[in-house]
Amino acid sequence: MEQPDALILKMQNKNEIAFSRIYAMYSDATYGIIHSIVLDEAISQEVLQDVFIKVWNNSGSYDSKKGRFFTWLLNIARNAAIDKTRSKAYKNSKKNLSTTNFVDILATSDSLNQKVNAIGIQKFVAALKPACIKIIDLLFFKGYTQVEAAKTLDIPLGTLKTRNRNCIQELRTLVLG
Amino acid sequence: MSAEEIIASGKLELYVCGTLPSEEISEVEAAIATYPEVQREIEAIEASLLSLAEAVAPTLPAMIWSYILAATRSVRKIDGSAPRTNWSAITGWAAAILCIVGLFWMWKQHNGLQDDIQITTTENTQLKERIRFTEGELTDANNLLAVIRSKDYKTITLPGNQAVAPEAFAKVYYNQKDKIAYIDAGGLPVAPSGKVYQVWSLILDPLTPTSVGLLSSATGTENGVFKFENIPNPEAFGITLEPEGGSETPTLSQLYTLGAVSP
Chain V
179 MEQPDALILK MQNKNEIAFS RIYAMYSDAT YGIIHSIVLD EAISQEVLQD VFIKVWNNSG
239 SYDSKKGRFF TWLLNIARNA AIDKTRSKAY KNSKKNLSTT NFVDILATSD SLNQKVNAIG
299 IQKFVAALKP ACIKIIDLLF FKGYTQVEAA KTLDIPLGTL KTRNRNCIQE LRTLVLG
Chain S
9 MSAEEIIASG KLELYVCGTL PSEEISEVEA AIATYPEVQR EIEAIEASLL SLAEAVAPTL
69 PAMIWSYILA ATRSVRKIDG SAPRTNWSAI TGWAAAILCI VGLFWMWKQH NGLQDDIQIT
129 TTENTQLKER IRFTEGELTD ANNLLAVIRS KDYKTITLPG NQAVAPEAFA KVYYNQKDKI
189 AYIDAGGLPV APSGKVYQVW SLILDPLTPT SVGLLSSATG TENGVFKFEN IPNPEAFGIT
249 LEPEGGSETP TLSQLYTLGA VSP
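Protein chains in written order, with the numbering used here: chain V, 179 to 355; chain S, 9 to 271.
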């Protein structure tokens, strides 16, 4: 997928239509990232709003020469979500939650069932190896650094990189066919 | 590093995830700029991760977009609006400044009035003093007037001695019964320093002068009228200029005025 640089530029020039199209393209993925961290739909929606308001207000700080727009958005979303989980109100309401990865969310989320392609997605996610689920959860959804992820999974750094690449390759064949 | 090597390194996946250390980012970016296949690889990785994230997302309510739009618009409205004049604040400040200026003015006025009161009080005291003084003078003048108008007093004019002081004159108001005389010396020239006028009562035959007294501050009243008591029945009054302290006998060469008491 090519990055919509023209749309991004228009949004940076405060074009609302461009902003709405960017939202249409990225909001679901962003919501998925936030939800995998926050684990609460209402709070995740709140965070998502904050993230896109931030995107609109700070769009000028994105430079296409310095990385992918998706990566930029990913960082904003993860940071906002992590900030939210550190707030006192959030901690009080989520005392009994055990740590979860994106696959656990898939298994428990009711609203997912309403999605047209939900069954297909569940199928390919279920096809991923448990090791891949763990590694993608840490590096992509949670934004762990290589060193943190290697330590958490107790594998060498080189193995982590190779395994991550293989897992995403596997995902590609599942998603893109 | 060749395109194949960098694709196989696993760095591109980390780059898209945003977890690649900053020192390796520039290496990846150089490769993206150089090799189109690296660019395509990046796009494929991104697309698959994007799909995965979308897949695990619960359904997103459509109203979220309206909230975002409303929030960005309201923010923009505040940003875009011209700096509005805050009239209530300006009015408030103006009123406060006016109030302070007013208070300061009133304070100045108050101080000025205090000074005025001080001055007026002093003036009042001075005026009272003068009234008291004038009342005293008036009493004296009234007393004198009463004397002059009284039937018990005779008025004797002492004309000037043609040889010594032709212009001079004096008046004597004499009460024969009580032997009191008031002498009005207003018509005499001012006595030279070291000299003093002396009043004499005279018996003419034989000529016997008796000193009545000196026209000095001891016997004088404020308006140049002198009072003498215990005067034996004189036939005439005379006034001579004598050395200070007076003389035993009159210096006739310095006889200024002389007048007879009419019977």
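FYI, nobody ran anything at the bench for these hints, they're computed from the structure. Where a beta carbon is used, it is the ideal one built from N, C-alpha and C, also for glycine. One should not assume that every hint holds.
Label-pair ranges, simulated between beta-carbon atoms [what the hints assert, rightly or not]:
(1) V:181 with S:74: 24 to 32 Å
(2) V:195 with S:51: 39 to 47 Å
(3) S:112 with V:235: 42 to 50 Å
(4) V:265 with S:112: 46 to 54 Å
Per the computed footprint, the stretches of chain V lying under chain S, defined by three or more beta-carbons under 8 Å from a beta-carbon of chain S, are [as the list claims (entries may be wrong)]:
(5) 185–191
(6) 200–209
(7) 219–231
(8) 257–268
(9) 340–347
If you want the ones that stay clear, here's a sample from chain S, every Cβ over 12 Å from chain V, calculated [to be verified]:
(10) 17
(11) 41
(12) 56
(13) 59
(14) 112
(15) 135
(16) 136
(17) 140
(18) 159
(19) 164
(20) 244
(21) 255
(22) 262
Hint-by-hint comparison with the structure:
1. The supplied range of 24 to 32 Å is met by residue 181 of chain V and residue 74 of chain S, whose beta-carbon atoms lie about 27 Å from each other.
2. Checked against the hint of 39 to 47 Å, the C-beta distance between residue 195 of chain V and residue 51 of chain S comes to roughly 24 Å, which is inconsistent with it.
3. Evaluation of the 42 to 50 Å hint for residue 112 of chain S and residue 235 of chain V yields a pass: the beta carbon distance comes to about 48 Å.
4. Taking the beta carbon of each, residue 265 of chain V and residue 112 of chain S are about 53 Å apart, inside 46 to 54 Å as hinted.
5. Evaluation of the coverage hint for the stretch 185–191 of chain V: breached, as 0 residues show C-beta separations to chain S shorter than 8 Å, against a requirement of three.
6. Only when three residues or more bring their CB closer than 8 Å to a CB of chain S does the claim for the stretch 200–209 of chain V stand; here the count is 7, and the claim holds.
7. Interface restraint, the stretch 219–231 of chain V with chain S: holds (7 residues with C-beta to C-beta distance below 8 Å; minimum three).
8. For the stretch 257–268 of chain V, the stated coverage by chain S is not satisfied: 0 residues place a CB nearer than 8 Å to a CB of that chain, which falls below the threshold of 3.
9. Counting residues of the stretch 340–347 of chain V whose CB lies closer than 8 Å to any CB of chain S gives 4, which reaches the minimum of 3, so the coverage claim holds.
10. With a minimum CB-CB distance of about 7 Å to chain V, residue 17 of chain S fails to clear the 12 Å threshold, and the non-interface call is violated.
11. The beta carbon of residue 41 of chain S is not kept farther than 12 Å from every beta carbon of chain V, the shortest such distance being approximately 9 Å.
12. Chain V draws residue 56 of chain S into its interface by the beta-carbon criterion, the shortest separation being 4 Å against a cut-off of 12 Å.
13. A cut-off of 12 Å between C-beta atoms contradicts the statement that residue 59 of chain S is not in contact with chain V; the least separation is 4 Å.
14. Every CB of chain V is more than 12 Å from the CB of residue 112 of chain S (nearest about 48 Å), matching its label as outside the interface.
15. For residue 135 of chain S, the requirement that its beta carbon stay farther than 12 Å from each beta carbon of chain V is met, with the minimum near 83 Å.
16. Against the 12 Å criterion, residue 136 of chain S stays outside the reach of chain V, whose nearest CB is about 84 Å from its own CB.
17. Residue-level check passed: residue 140 of chain S sits 90 Å from the nearest beta carbon of chain V, beyond 12 Å.
18. Even its closest Cβ contact with chain V, about 120 Å, leaves residue 159 of chain S beyond 12 Å, as expected for a residue assigned away from the interface.
19. Chain V leaves residue 164 of chain S outside its interface by the beta-carbon criterion, the shortest separation being 122 Å against a cut-off of 12 Å.
20. No Cβ of chain V comes within 12 Å of the Cβ of residue 244 of chain S; the nearest lies about 128 Å off, and the non-interface call holds.
21. Here residue 255 of chain S stays apart from chain V, with its beta-carbon at least about 123 Å from theirs, past the 12 Å limit.
22. Annotated as non-interface, residue 262 of chain S keeps its C-beta farther than 12 Å from every C-beta of chain V; the closest such distance is 122 Å.
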